[in-house]
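Participant: Each chain is listed here by its residues.
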Amino acid sequence: MSELLKQIGETTNNAGARLGDTILEARDLHVIFGTGVRAVDGINLKIYRGETLGVVGESGCGKSTLGRTLCMLEAPTGGSVALNGLPISDMKGSSLREARKSLQMVFQDPYSSLDPRQRAGEIIGEPLLLAGVDKKQRQSRVNELLDLVSIGASGYAKFPREFSGGQRQRIGIARSLAANPEIIICDEPVSALDVSVQAQIVNLLVSLQRKLNLTYVFISHDLAVVRQMANRVAVMYLGRIVELADADKIFAAPRHPYTAALLSAVPRMLTSSAKRKPISLPGDPPSPMHLPPGCRFQARCWLRQKLGSPDVCSAVDPMLSGTGDHQAACHFQEHVDAQRGAQNA
Amino acid sequence: MTIVPSTQRRGVSLLPTSIRSKPGLAVAIAFLVLIVVVAASASFLPYDAYRQDLLHRNSPPSWNHILGTDELGRDMLARLAIGARVSLVVAVTSTVAAVLIGIAVGAIAGYKRGWIDSVCMRFVDSMYAFPDTLFAILIAGVVKGQLSQSSTDFFSPITALYKMSGGLFGVFLTLSFTSWLVCARIVRAEVIILRSAEYVAAARLAGASDLFVMRRHILPNCLPVIIVAATFVVPSAILLEAGLSFLGVGVDPPTPSWGAMIASGVRSMQSYPHLLITPAIAVGLTLLSINVVGDALREHFDPSFRRGGEAS
Chain V
1 MSELLKQIGE
11 TTNNAGARLG
21 DTILEARDLH
31 VIFGTGVRAV
41 DGINLKIYRG
51 ETLGVVGESG
61 CGKSTLGRTL
71 CMLEAPTGGS
81 VALNGLPISD
91 MKGSSLREAR
101 KSLQMVFQDP
111 YSSLDPRQRA
121 GEIIGEPLLL
131 AGVDKKQRQS
141 RVNELLDLVS
151 IGASGYAKFP
161 REFSGGQRQR
171 IGIARSLAAN
181 PEIIICDEPV
191 SALDVSVQAQ
201 IVNLLVSLQR
211 KLNLTYVFIS
221 HDLAVVRQMA
231 NRVAVMYLGR
241 IVELADADKI
251 FAAPRHPYTA
261 ALLSAVPRML
271 TSSAKRKPIS
281 LPGDPPSPMH
291 LPPGCRFQAR
301 CWLRQKLGSP
311 DVCSAVDPML
321 SGTGDHQAAC
331 HFQEHVDAQR
341 GAQNA
Chain D
1 MTIVPSTQRR
11 GVSLLPTSIR
21 SKPGLAVAIA
31 FLVLIVVVAA
41 SASFLPYDAY
51 RQDLLHRNSP
61 PSWNHILGTD
71 ELGRDMLARL
81 AIGARVSLVV
91 AVTSTVAAVL
101 IGIAVGAIAG
111 YKRGWIDSVC
121 MRFVDSMYAF
131 PDTLFAILIA
141 GVVKGQLSQS
151 STDFFSPITA
161 LYKMSGGLFG
171 VFLTLSFTSW
181 LVCARIVRAE
191 VIILRSAEYV
201 AAARLAGASD
211 LFVMRRHILP
221 NCLPVIIVAA
231 TFVVPSAILL
241 EAGLSFLGVG
251 VDPPTPSWGA
261 MIASGVRSMQ
271 SYPHLLITPA
281 IAVGLTLLSI
291 NVVGDALREH
301 FDPSFRRGGE
311 AS
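So the protein lines, in turn, are chains V and D. Residue numbers for the first sequence follow the numbering used here, beginning at 1 and rising by one. Residue numbers for the second sequence follow the numbering used here, beginning at 1 and rising by one.
The hints are simulated quantities; they were obtained by calculation from the structure and are not laboratory data. Predicted model only: the values in this text are computed from it and were never measured. Accuracy of the hints is not assured; some may be wrong.
Computed Cβ-Cβ distance ranges for the label pairs, DEER-style [what the hints assert, rightly or not]:
(1) Pro292(V) x Ala129(D): 45 to 53 Å
(2) Asp210(D) x Gly34(V): 19 to 27 Å
(3) Gly283(V) x Gly114(D): 32 to 40 Å
Cβ coordinates follow ideal geometry from the N, Cα and C atoms, glycine included.
For reference, chain V alone in the conformation it holds in the complex (with noise of 0.2 Å):
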């Protein structure tokens, strides 16, 4: 690793403390967009150092959304958001710039997320060039990223259409790389790709962990993906995170039934012993302009059903609750693993 490299570990190590301390944290998060859609609406979340935390939802749950209010692309209209420690959500101009120096975010659709007309240098050299790197120091860096990223310096000089979608996804990485940063926003990284490069891609994003230390937040749609990634799950709907808990602990025994009704629908082999039919889900969620009174999911859920429509999912809101780190917003979180078996009997 290059002088540069040290330098700038250095002085993240400095700041920066034991693995497992927050790194990132979002206080009463709230998105709400001119239209009155609400993205985001009142997220508590901490992200600690050395994780992945998987983030899923469907389609318009927020969790891009989220993502990008992490990192301040989209200012929060409400609650806070602080990095190390520093409330990055009230920060604004150069000094923004500055202090989320360490916090970089990886894209979804790699055509649009690198500039068509400059070469893969100028592109992963430019968060270096932005932090006065001379351009000597700059090239040899970019070449160590290329490498790093299996790309290999013969493409220092290529534009991004010259490359597959894979390939620019692994610039977009190297960029994201490019100035040491301690967390990575991955926002639906792989969704673009094919299925044989989605493995390369997340085994690369494995790897780099492990090498440079690194926390994601892996926003996906993709339960088996963010399966295979996630150390820690946020599961998100209509700007909630309904279920949080550890990704084994949710993949084996969810306790919300919009987690469960999701890995029901994850398609396994016939072999499988733990087959069961999905849960299907009637209709489409709520306008997030129109939220209705009490629990959001409370209109498409099986589990009420199943309970008879108690009156409270329509009259209280529920909070994330739990036992230990395993968190759901749902009154009945206990019934919901004993219940999905027996959702098809």
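Guided by the hints, dock chain D onto chain V, whose structure is given.
Facilitator: Chain D alone, transformed into the frame defined by chain V:
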């Protein structure tokens, strides 16, 4: 899409290949080159554009005067060449000015959005509400009225410039004022699309300021539409200049311009058609050629038109 070795892709000029596959483009470029050459060599032509020869008025094309003479016996070829100079210089300079104003307004409005955008675009909209030519006549009238008076105040250098250029400067101002609207709209629309591109988000995350993002990412990617916009503006400026001169609010006589020549040709259209047809054909073919070249440029710059295999 074929992946082309990078040396072939950009280094080698693209034009020869495109021209070979498009004879129309070759003709258009050749014609424009001819016009420019004629305009540039106007002083070397055998006749002076201003010298009257009242004995040979309205003479049809002959060996002496290839394009004939006008109602004052002046050589039509010489006048057409000087007219080309006037038309092209005014059209190109005012296009450059209009594009610059358009980029500035469009980029700021599109990038900043919010009330700045509203103010800028409502202003553009209200300017648009005037019919193009009418608006140009209005401005030309005001400019001409203001500038032809001898004033000693703030405007005096502009007035001097106006008088020195035989009214050309007034036409330049008029065209710049009217043509930037199109540009501002096109650039704004493009900037709105580009500012939400993920590479812009990536640059901002990496610590880029608005200015950096604008200079490095947004404006370079706007270049294709800017060039296309310019190829719209140049012919419309030529046409507008011709229209203004036709109506008598353009360049001052005796300076020839294509529009003024058409205007005087119309008067004797039935007896001496060559006085009308020659400048009219010059205007028509020039506009057609610029449009053809503009289309080719758009194809060149628009990635969705670009075929990778073509260059190899």
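Participant: Now tell me if each hint is right for this structure.
Facilitator: Results of checking the hints against the structure:
Distance hint check for Pro292(V) and Ala129(D): the Cβ-Cβ separation is about 47 Å, which falls inside the suggested range of 45 to 53 Å. At roughly 21 Å, the beta carbons of Asp210(D) and Gly34(V) sit within the given window of 19 to 27 Å. Checked against the hint of 32 to 40 Å, the C-beta distance between Gly283(V) and Gly114(D) comes to roughly 37 Å, which is consistent with it.
In terms of the numbered hints stated before, the structure departs from none.
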